[in-house]
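Asker: Same order as they appear, the protein sequences are chains A and B.
Per numbering that gives the first Met the number 0: the first sequence = residues 0 to 293.
Per numbering that gives the first Met the number 0: the second sequence = residues 0 to 286.
If you are wondering where the hints come from, they were derived from the structure by calculation, not from laboratory data.
All of these numbers come straight from a predicted model, not from anything done at the bench.
Do not rely on the hints blindly, as some may be mistaken.
With a Cα cut of at most 20 angstroms, we get these calculated EDC-like pairs of lysine to aspartate or glutamate [unchecked claim]: (1) B:K113 - A:E2; (2) A:K3 - B:D1; (3) B:K48 - B:E64; (4) B:K272 - A:E93; (5) A:K1 - B:D185; (6) B:K10 - A:D124; (7) B:K48 - A:E93; (8) B:K272 - A:D124; (9) B:K13 - A:D231; (10) A:K95 - B:D1; (11) B:K10 - A:E93; (12) B:K5 - A:E92; (13) A:K3 - B:E180; (14) A:K1 - B:E64; (15) B:K13 - A:E93; (16) A:K6 - B:E64; (17) A:K66 - A:E92; (18) A:K6 - B:D1; (19) A:K6 - B:E41; (20) A:K195 - B:E180; (21) B:K195 - A:D124.
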Amino acid sequence: MKEKNLKWILILPAVIILLFLVFYPLLWSLGLSFYEYSTMIVRPPKFVGLQNFIDVINDPTIWHNFKVTAYFLAVALPLEFLLGFGIALLLYEEFKGRRIVLTILLIPMMLAPIAVGVFYRFIYDSTFGIFTYILSQIGVKQFEWYTYKWVIPCVALVDVWQWTPFMMLILLAGLMAVPQYLYEAASIDRAGWMMKFRYITLPIIKPLVGIAVLFRTMDILKVFDTVFILTDGGPGNASELISFRIYREAFQYFHTGKASALSYIFLVIIIVLTNIYLRFLTRRPAEARVTREV
Amino acid sequence: MDRRTKRNIIKGVKYLLIAIVTAVWFFPVYWLIATSLKTRLEMFAIPPKWLFNPVPDNFIDVFWERRYGLTPGPTEFPKFLFNSFFISLSSIGLVILIGTLAAYSFSRFELRGKNTWLFFILSTRMLPPIAVVIPIYLMYQRLGLLNNYIGLIALYIMFNMAFAVWMMKGFFDEIPRELDEAAMVDGYSRMGAFRKAVLPQALTGIAATAVFCLIMAWNEFLFAYILSGFDTRTVPVALARIRGESGINWGTITATEVIYITPVIVFTFFLQKYLLRGITFGTVKGR
């Protein structure tokens, strides 16, 4: 077979699957977002133009979902970054048992969010949960996590437990990529650690920080499983993140058209955010960086 | 205080912090495993029981129904466990095959619009699953693929495709092109050279990618929950049934969880070198 044909034939199956299971459905739901339609009712979809989008924008509870998602991001992301950076600095130098520590830190991110959600339900339980018990030992009596005030920080904590190691790993890779001779040269010039950090470490790890923050931002915005199992969006709708709201619209209220419209708004927000990040955080586009590194 | 003592103190503090971090991160997993081995009384004891005699009762309960008021007999769990294994294993077999071929092409040939294709493939990974699950549900409804193994297997292939292609491309890029060329000089065809010369070199890479895809398929919940029915229910979906339940049987649930996460933890221990690389999409070189 000619190489010219062969090279495309090799790629074809992969592309067909992606077109059939990602792009075709996405186009379909873009179409649906202009129709009034419900999977429950046997009635042909009715074209309503932009009505679904208008409904979404005018729905105050959906604004609430956006706020909750932003709040969740605002609690989880900085914590993951700071802790991840701190731990990366701790693990930077080689020591005995570093491999074991790294493996233990790998475990949470390999576990299913649904499984993690289930065991945090056990840990958070207000009568026998170990979390409640530890808090009571340090003076916080009768802590109730499933309340309007505490539910988001507590769910965010689960995310922090599961994903701080991811931040840590990428930052650690960044730190290890800094050539030693730069530090040595700086020492000869009598630079203090602050100076070294500011002028050597930071510029070199900056693109990786960008990638780590970008990946985490996108994933936090998409969180579904943990909330599904841990809080069911409650109490009330206190922990109803956007993904969870889309799920409810589509599979509990059966507003298929409205859910599709909301999905699209959500998708556009994620794409816009990704692009802002890429411009803002790295001079070199992140995908070029990934290409080079892989 | 001289320099030396000061340095030793800093070192001591550092090790202490590392120990604390490791303990905090491992604790929830430890607590889950410990709970699954406790009796009902010990499980809910306050203050918590740190020392106890492990008992296998909860694990027996996962497979054999003997709770009061219910008919004794085998539970449905083995079926769900089989579904999880069957769906993840079949999907990774196929995604590795399809992804490896595509990756080889991306690694070895000049393709028009190569970066665009690669970015297109990568972009499928950035999509929020919830945004695609609605149209896929409608599509599957029409094609009769709801509660069907093929439906879920196809989806998990899609789900892992970007990762498989990018990872494998990385591994192929590290194998010198001269290897294929030498094999072709020896009379092998292009695909023959790929099979005989390149593939054996890429085996560890394939294994690492496969394990990674396997874990992702094994852990997937949303698609499985919405698209599977009783016959194709996987373990995460079965676990999710405790949602909204008030009198949760924590003994059985924790034991189920331990069974479900054990393969993942074992893989993590044995393959951490490759996992490091995979998780970060190649930004961290496996060390």
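Asker: Against this structure, judge whether each hint is valid.
Answerer: Hints versus structure:
1. A C-alpha spacing of about 16 angstroms is found between K113 of chain B and E2 of chain A, which places the hinted pair at or below 20 angstroms, so the restraint holds.
2. A hinted pair counts as satisfied when its Cα atoms are at most 20 angstroms apart, and K3 of chain A with D1 of chain B does not qualify at roughly 71 angstroms.
3. At roughly 27 angstroms between alpha-carbon atoms, K48 of chain B and E64 of chain B are farther apart than 20 angstroms, so this suggested pair is violated.
4. A threshold of 20 angstroms between alpha carbons decides the hint, and for K272 of chain B with E93 of chain A the separation of about 16 angstroms falls inside it, so the pair holds.
5. Distance hint between K1 of chain A and D185 of chain B is fulfilled; the C-alpha atoms sit about 18 angstroms from each other, no more than 20 angstroms.
6. For the proposed pair K10 of chain B and D124 of chain A, the alpha carbon gap of about 38 angstroms is over 20 angstroms, so the pair is violated.
7. With a C-alpha separation of about 36 angstroms, the suggested pairing of K48 of chain B with E93 of chain A is violated against the 20 angstroms cut-off.
8. For the hint linking K272 of chain B to D124 of chain A, the alpha-carbon distance of about 36 angstroms lies beyond 20 angstroms, and the restraint is violated.
9. With a C-alpha separation of about 40 angstroms, the suggested pairing of K13 of chain B with D231 of chain A is violated against the 20 angstroms cut-off.
10. Straight-line distance between C-alpha atoms of K95 of chain A and D1 of chain B comes to about 26 angstroms, which puts the hinted pair past the 20 angstroms bound.
11. For the hint pairing K10 of chain B with E93 of chain A, the CA-to-CA distance comes to about 12 angstroms; that is within 20 angstroms, so the pair holds.
12. A hinted pair counts as satisfied when its Cα atoms are at most 20 angstroms apart, and K5 of chain B with E92 of chain A qualifies at roughly 18 angstroms.
13. Between K3 of chain A and E180 of chain B the CA atoms are separated by roughly 16 angstroms; this keeps the pair inside 20 angstroms, and the hint holds.
14. About 61 angstroms separates the Cα atoms of K1 of chain A and E64 of chain B, which puts this hinted pair outside 20 angstroms; it is violated.
15. Only pairs whose Cα atoms come within 20 angstroms are accepted, and K13 of chain B paired with E93 of chain A is accepted, the gap being roughly 12 angstroms.
16. Among the hinted pairs, K6 of chain A with E64 of chain B is inconsistent with the structure: their alpha-carbon atoms are about 55 angstroms apart, more than 20 angstroms.
17. A hinted pair counts as satisfied when its Cα atoms are at most 20 angstroms apart, and K66 of chain A with E92 of chain A does not qualify at roughly 40 angstroms.
18. A distance of roughly 67 angstroms separates the Cα atoms of K6 of chain A and D1 of chain B; the hinted pair therefore is violated under the 20 angstroms criterion.
19. A hinted pair counts as satisfied when its Cα atoms are at most 20 angstroms apart, and K6 of chain A with E41 of chain B does not qualify at roughly 62 angstroms.
20. Of the pairs offered as hints, the one joining K195 of chain A and E180 of chain B is violated, with about 47 angstroms between alpha carbons and a cut-off of 20 angstroms exceeded.
21. Between the alpha carbons of K195 of chain B and D124 of chain A the distance comes to roughly 57 angstroms, so the proposed pair goes past 20 angstroms and is violated.
Hints 2, 3, 6, 7, 8, 9, 10, 14, 16, 17, 18, 19, 20 and 21 from the earlier list are contradicted by this structure; the remaining hints agree with it.
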